[in-house]
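**Student:** Sequence:
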Amino acid sequence: MDAIAKNSGDLTIRMPENSNDEMGDLARKTNELIANVASIVKLIRFTSTQIGSSSEKMQGLLDEAASATEVIAQSMEELTAESASSDARLHDGMQSVKELSRSVDVLTVESTAIHRLRSQAQSSADEGLKSIAELSAHTDAGTKIGTDVVQAVSKLETKSDEIVRIIDVITEITSRTNLLALNAAIEAARAGEAGRGFAVVAEEIGKLADSTTVSAKEISNHIQEVRTSTDAAARELSHLVGTIREQVAFVDRSQESFRRIADIVREIGVSLDRMKEGIEHTSGVRNEVLSVMDSIGRSSEVFVSTIEEVQASAQEQHRTASSIQDSMRALNELSQELTDVVKSFQV
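Number 227 in full-length UniProt numbering belongs to position 227 of the sequence shown; there are no gaps in the numbering.
Read the hints as simulated data drawn from the structure, not as lab findings.
Built from N, CA and C at the ideal position, the CB exists for glycine as well.
Any given hint could turn out to be false.
[Claimed, not checked] Straight line, CA to CA, 27 Å or less: simulated DSSO-like cross-link-like pairs of lysine-lysine: (1) Lys130 <-> Lys207; (2) Lys155 <-> Lys217; (3) Lys207 <-> Lys217.
[Claimed, not checked] Label-pair distances were calculated between CB atoms; the ranges are: (4) Gln95 <-> Asp326: 48 to 56 Å; (5) Glu288 <-> Ile261: 34 to 42 Å; (6) Gln247 <-> Arg274: 34 to 42 Å; (7) Ser323 <-> Ile268: 19 to 27 Å; (8) Arg14 <-> Ser257: 41 to 49 Å; (9) Phe250 <-> Asn287: 50 to 58 Å; (10) Ala249 <-> Arg14: 54 to 62 Å; (11) Ile261 <-> Thr228: 44 to 52 Å; (12) Ser19 <-> Ser323: 14 to 22 Å.
Take the sequences, apply the hints, and build the full model.
**Tutor:** The following block contains the structure:
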């Protein structure tokens with residue numbers, strides 16, 4: 001049991017069960033307590049039927065002792081020595097149970113700390129879900145804005161096409177106007193002095209048509225540059241919208257992951273609450289066992305005194321055997337109570 005304390009609550013260690021007397025029963029009871037505590041973290045099930053079997057064997061030995069007082073009388077010295085050894089083992093058992101009690105206290109403190117960390121993890125998961133939800137809203141808004149801009153650029157391209165068509169019409173008109181101005185100049189030249197005024201007007205119309213043609217070409221070039229820029233912008237915006245949509249998908253996956261994490265944290269919290277309840281219950285059982293061991297210690301002193309009396313009288317030995325039988329029945333009842341405690345745990 002010293003190893004239990006040195007290993008900070010290693011509950012896999014068991015006390016030796018080398019005898020079928022009260023000290024053997026005490027060892028089994030202590031092992032039963034250790035199994036109860038270990039069941040919280042390792043789900044160990046201790047079979048308490050061994051105690052009943054050992055009690056039946058002890059009862060048979062007591063019956064044989066009652067019918068063979070001569071053999072018992074000859075064995076009194078050995079029993080006295082064994083009693084002294086049992087007292088020593090009882091003392092060691094008490095120390096071991098106290099060490100186990102301290103281990104239970106450590107488990108209680110650690111359980112409280114884990115419970116606090118679980119609460120912090122739950123808060124962090126909730127905050128993460130909230131942040132992911134906000135990010136999702138922003139990415140949705142960004143997707144809508146990008147889509148709207150792409151649509152606007154598409155409309156701008158359409159308008160640019162319309163402007164180009166209009167410029168083509170203007171160019172065609174100026175070309176025809178130049179032709180008409182040339183014809184008017186020719187006719188004015190034929191008319192001589194009378195057509196000089198028409199020639200001046202025709203020349204001005206030709207200059208205006210040429211200027212209009214140059215301006216139309218410049219506008220067409222500018223429109224073409226705008227179209228080139230808008231085409232590049234449209235491609236970039238389409239790529240941006242695709243990237244935003246991928247980001248939205250990633251945010252959705254992240255949100256689902258956070259939901260799963262939050263659910264797992266809640267499940268862990270439920271398990272920790274159950275573990276804490278189990279530790280608190282085990283702490284109560286520990287106090288009961290300490291009381292029982294103290295009672296057994298007092299019973300051991302009485303048993304030593306009884307052995308001395310048996311050495312003087314066989315009849316007294318019979319009464320002592322009866323007293324021991326009563327103690328065994330009480331011990332068996334206590335074993336049943338401890339069995340009920342074991343059944344109360346969730347395994």
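**Student:** Going through the earlier hints one by one, which of them does the structure break, listed in rising order?
**Tutor:** Violated: hints 1, 4 and 7.
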